[in-house]
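Q: Please take these sequences and the hints and turn them into a complete structure.
Protein chains: 2
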Amino acid sequence: MKKSVASLMLWACGMSAFAQQALGPGTGIISPEINADNTVTFRYVNPKAVTVELSGDFLPAQKVEVPGRGVMEVQGKASLVEKDGVWTFTTANPLPGELYSYYFTVDGKRQLDPSNVFMNRDIATWTNIFTMSAKEGDAGHYYMNNNVPHGTLTKIWYDSENAGFDRRLTVYLPAGYEKSKEKYPVLYLLHGSGGDENAWSELGRTAQIMDNLIAEGKAKPMIVVMPNGVVRNPSAPEVNEVNMFQPTMTNSRDQDTKPMEDEFPCIKKFVESTFRVKTGQYNTAIAGLSMGGRHSFSISRRYPGTIGYVGMFSGAGSGPDNEKELAALFAAKPKLYWIGVGSADGVKVSASALRDYCNEKGYPCEYYESDGGHIWKNWRVYLTIFAQKLWK
Amino acid sequence: MKKSVASLMLWACGMSAFAQQALGPGTGIISPEINADNTVTFRYVNPKAVTVELSGDFLPAQKVEVPGRGVMEVQGKASLVEKDGVWTFTTANPLPGELYSYYFTVDGKRQLDPSNVFMNRDIATWTNIFTMSAKEGDAGHYYMNNNVPHGTLTKIWYDSENAGFDRRLTVYLPAGYEKSKEKYPVLYLLHGSGGDENAWSELGRTAQIMDNLIAEGKAKPMIVVMPNGVVRNPSAPEVNEVNMFQPTMTNSRDQDTKPMEDEFPCIKKFVESTFRVKTGQYNTAIAGLSMGGRHSFSISRRYPGTIGYVGMFSGAGSGPDNEKELAALFAAKPKLYWIGVGSADGVKVSASALRDYCNEKGYPCEYYESDGGHIWKNWRVYLTIFAQKLWK
Chain A
1 MKKSVASLML
11 WACGMSAFAQ
21 QALGPGTGII
31 SPEINADNTV
41 TFRYVNPKAV
51 TVELSGDFLP
61 AQKVEVPGRG
71 VMEVQGKASL
81 VEKDGVWTFT
91 TANPLPGELY
101 SYYFTVDGKR
111 QLDPSNVFMN
121 RDIATWTNIF
131 TMSAKEGDAG
141 HYYMNNNVPH
151 GTLTKIWYDS
161 ENAGFDRRLT
171 VYLPAGYEKS
181 KEKYPVLYLL
191 HGSGGDENAW
201 SELGRTAQIM
211 DNLIAEGKAK
221 PMIVVMPNGV
231 VRNPSAPEVN
241 EVNMFQPTMT
251 NSRDQDTKPM
261 EDEFPCIKKF
271 VESTFRVKTG
281 QYNTAIAGLS
291 MGGRHSFSIS
301 RRYPGTIGYV
311 GMFSGAGSGP
321 DNEKELAALF
331 AAKPKLYWIG
341 VGSADGVKVS
351 ASALRDYCNE
361 KGYPCEYYES
371 DGGHIWKNWR
381 VYLTIFAQKL
391 WK
Chain B
1 MKKSVASLML
11 WACGMSAFAQ
21 QALGPGTGII
31 SPEINADNTV
41 TFRYVNPKAV
51 TVELSGDFLP
61 AQKVEVPGRG
71 VMEVQGKASL
81 VEKDGVWTFT
91 TANPLPGELY
101 SYYFTVDGKR
111 QLDPSNVFMN
121 RDIATWTNIF
131 TMSAKEGDAG
141 HYYMNNNVPH
151 GTLTKIWYDS
161 ENAGFDRRLT
171 VYLPAGYEKS
181 KEKYPVLYLL
191 HGSGGDENAW
201 SELGRTAQIM
211 DNLIAEGKAK
221 PMIVVMPNGV
231 VRNPSAPEVN
241 EVNMFQPTMT
251 NSRDQDTKPM
261 EDEFPCIKKF
271 VESTFRVKTG
281 QYNTAIAGLS
291 MGGRHSFSIS
301 RRYPGTIGYV
311 GMFSGAGSGP
321 DNEKELAALF
331 AAKPKLYWIG
341 VGSADGVKVS
351 ASALRDYCNE
361 KGYPCEYYES
371 DGGHIWKNWR
381 VYLTIFAQKL
391 WK
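Chains as they are written, first to last, in our numbering: chain A, 1 to 392; chain B, 1 to 392.
Honestly, the hints are just simulated from the structure, not real lab data. Among the hints, erroneous ones may be present.
To be verified - Cβ-Cβ distance ranges computed for the label pairs, FRET-style:
| no. | chain 1 | residue 1 | chain 2 | residue 2 | range |
| --- | --- | --- | --- | --- | --- |
| 1 | B | Ser343 | A | Ala134 | 50 to 58 angstroms |
| 2 | A | Met244 | B | Asp159 | 37 to 45 angstroms |
| 3 | B | Val81 | A | Lys135 | 49 to 57 angstroms |
| 4 | B | Thr250 | A | Pro94 | 29 to 37 angstroms |
| 5 | A | Lys135 | B | Pro149 | 27 to 35 angstroms |
| 6 | A | Val66 | B | Gly217 | 55 to 63 angstroms |
| 7 | A | Ser352 | B | Gly85 | 42 to 50 angstroms |
| 8 | B | Pro149 | A | Pro96 | 24 to 32 angstroms |
To be verified - Dumping the calculated DSS-like pairs for lysine-lysine here, alpha-carbon to alpha-carbon at most 30 angstroms:
| no. | chain 1 | residue 1 | chain 2 | residue 2 |
| --- | --- | --- | --- | --- |
| 9 | B | Lys389 | B | Lys135 |
| 10 | A | Lys77 | B | Lys135 |
| 11 | A | Lys83 | A | Lys109 |
| 12 | A | Lys183 | B | Lys181 |
| 13 | A | Lys278 | A | Lys181 |
| 14 | A | Lys278 | B | Lys324 |
| 15 | B | Lys278 | A | Lys179 |
| 16 | B | Lys324 | B | Lys361 |
| 17 | B | Lys77 | A | Lys48 |
Beta carbons: idealized from backbone N, C-alpha and C, even for Gly.
A: Given below as structure tokens:
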């Protein structure tokens, strides 16, 4: 009887009518494949295609002439070569440990890799990803799910008096939170234009970075709160009450910083009354990327003496426009005022202007310049650096 | 100064080199579009394509001849029609409220809808989804993020003494859990072959179903625990310590029920020591789909007197093979022994055989037969029905 039930189950799984379940082993090929020498091979099956290209942030950048702007660097591309219907490309060199993203272009149309289930959504676009940990200390090492104690990732709703409706937060609780009676300091971590409360945990790998830094003793255990920074939106699209809400740059950003400044006390109040939190200036940090960097700038100067650590990743505000407020903020002695930006980022001008203003005024300020532009690859690195500087 | 910072930000966002951020408003067309009369229009831009087909669980099923098996019903397909490079299809009739899934086939290759950010992964395959709530009481009504209090969805790791490593759980906590001091009964909800601890919350819409049923007073507030039912796997692929772990039917199932029977006490112990839980037989329920239905069958008969409510969705065990254990289980008087199956599901034979066995022995057993086969559409409905029968 048991055997016949098992075979019936198999029959049902394999042949069921209307199967919403995707069945079978996928495409049956491996792509991407990380080779023994840390080169990576990509494969795509399509005997009918005429051209298959790969775009990826691991390929050498290409220079293109942009009318009115001169020569600019854009993401590298490579052509796949076909044999027996399978298109293949292998990187020329081993890749360093990182989180990489890529997609195919098949006969001119963007196409995800059907052999790779790992994808990230950024605004309205999905892109395949893969993670490499070539050696300890590489950026990629911190983005992997290593064999270390894991924190909890929670999606929780708070009743925002400011917004007038319930809004969703992502909260990282460090490993052991549930069983301990300890209180923890809190980092508020804000996304950029086009993002939502999922951005930092998915594109930003916050849970993996924090798990690894804490396990290796490089960061102190902390709670990380990742709110939705567009106050008129309750949440990310897949749990938005407006059905079929399609994210765009326009509907997922707020050029004005005031709504998030007004919202921040509601978020903080909810977090401090819901989780076991150490309160006070030197147990409270804020950081954000791009629009979230400007939010961090404006929230910290709006509420001087309440936030001890401020991180602005590829986004900041202006000193001269906020002279009085910045004087009050620095009079309250924040322990860290940290600016990170890429050398190829258009925001570098304003970020370095804020650094110069702080230096001129004698406000302690740390400035970190990486390679590259306005990209997640940098923001993950900035978080990894910034988190190690907290509560010390 | 502020203005120039803003324009620099825009420049950086729009033109940055190596942008990993997907920028801009996506494809600029709307697909799917739910029309005023509840028909639905699909659009796909590709001037070069020769044929574009739509496969969806809302299209009339098609009958095909399967060698050796006779005529079978398979998911319906429709052809899109091209005008000015835009391929279009509108359903002939309004669609009832439901969660629907679909994909395109472009010149013979499966393709996701680039205009729709909403997707679900099932095993290794991603499929676009959309939700309709045509009228109150429709199945789709329960799958929407309606304006009701929302529970919390948590991804938490437990140290499994049985498995010898940390494993991840998805836990739904009802709205108000964090602020109340109440204890709640627990439903353990198990996935099928190919699934993981994300399956019930993503494909199964557990949080939406529970939020809506509880808000409307149709179900009592409860905690829902969704473990990973393949004990040798620590977690879903995206947080698996084995890098680039690609899910397949084979590596994401366990034909033998014993590993999950052995694991269940570890899960229950962790849940009862971590969350505010009402314990005892009549505060404990178990249910599952397909393989998870067999797990629910075997776990409930292995630990008689500890589980008061049992749900087997499109998957069950055999009475005759478990005669003694079932006698012990029913001697301990479970309040609900519920079997749900589709009329077109191959598992119907074994499900109705278990019902007949229970009837013959005088064991109280509820049997529910829906239309359709071995599909998520049915499992969401079974959960909606089953949850309303608990703790009463």
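Q: Are the hints correct? Go through all of them and say.
A: Hints and how they fare:
Serine 343 of chain B and alanine 134 of chain A have their C-beta atoms about 54 angstroms apart, which keeps the hinted 50 to 58 angstroms range intact. At roughly 41 angstroms, the beta-carbon separation of methionine 244 of chain A and aspartate 159 of chain B lies within the given 37 to 45 angstroms, and the hint holds. Checked against the hint of 49 to 57 angstroms, the pair valine 81 of chain B and lysine 135 of chain A passes, with Cβ atoms roughly 54 angstroms apart. Between threonine 250 of chain B and proline 94 of chain A, the C-beta spacing of about 31 angstroms keeps the proposed range 29 to 37 angstroms intact.
Separation of lysine 135 of chain A from proline 149 of chain B is about 48 angstroms and departs from the stated range, judged on CB atoms against 27 to 35 angstroms. As the Cβ distance of valine 66 of chain A to glycine 217 of chain B is approximately 60 angstroms, the hint placing it in 55 to 63 angstroms holds. Under the hint 42 to 50 angstroms, the C-beta atoms of serine 352 of chain A and glycine 85 of chain B, about 45 angstroms apart, fit the expected range. The hint said 24 to 32 angstroms for the Cβ distance between proline 149 of chain B and proline 96 of chain A, and at roughly 47 angstroms that hint is violated.
Of the pairs offered as hints, the one joining lysine 389 of chain B and lysine 135 of chain B holds, with about 23 angstroms between alpha carbons and a cut-off of 30 angstroms not exceeded. For a cut-off of 30 angstroms, the pair hint linking lysine 77 of chain A to lysine 135 of chain B is broken: about 48 angstroms separates their Cα positions. Taking the CA atoms of lysine 83 of chain A and lysine 109 of chain A, the gap is about 21 angstroms. The hint holds against a cut of 30 angstroms. At roughly 19 angstroms between alpha-carbon atoms, lysine 183 of chain A and lysine 181 of chain B fall within 30 angstroms of each other, so this suggested pair holds.
For the suggested pair lysine 278 of chain A and lysine 181 of chain A, the alpha carbons sit about 12 angstroms apart, so the restraint of at most 30 angstroms is met. Taking the CA atoms of lysine 278 of chain A and lysine 324 of chain B, the gap is about 55 angstroms. The hint is violated against a cut of 30 angstroms. This hinted pair checks out: lysine 278 of chain B and lysine 179 of chain A have alpha carbons roughly 18 angstroms apart, not beyond 30 angstroms. At roughly 12 angstroms between alpha-carbon atoms, lysine 324 of chain B and lysine 361 of chain B fall within 30 angstroms of each other, so this suggested pair holds.
Only pairs whose Cα atoms come within 30 angstroms are accepted, and lysine 77 of chain B paired with lysine 48 of chain A is accepted, the gap being roughly 22 angstroms.
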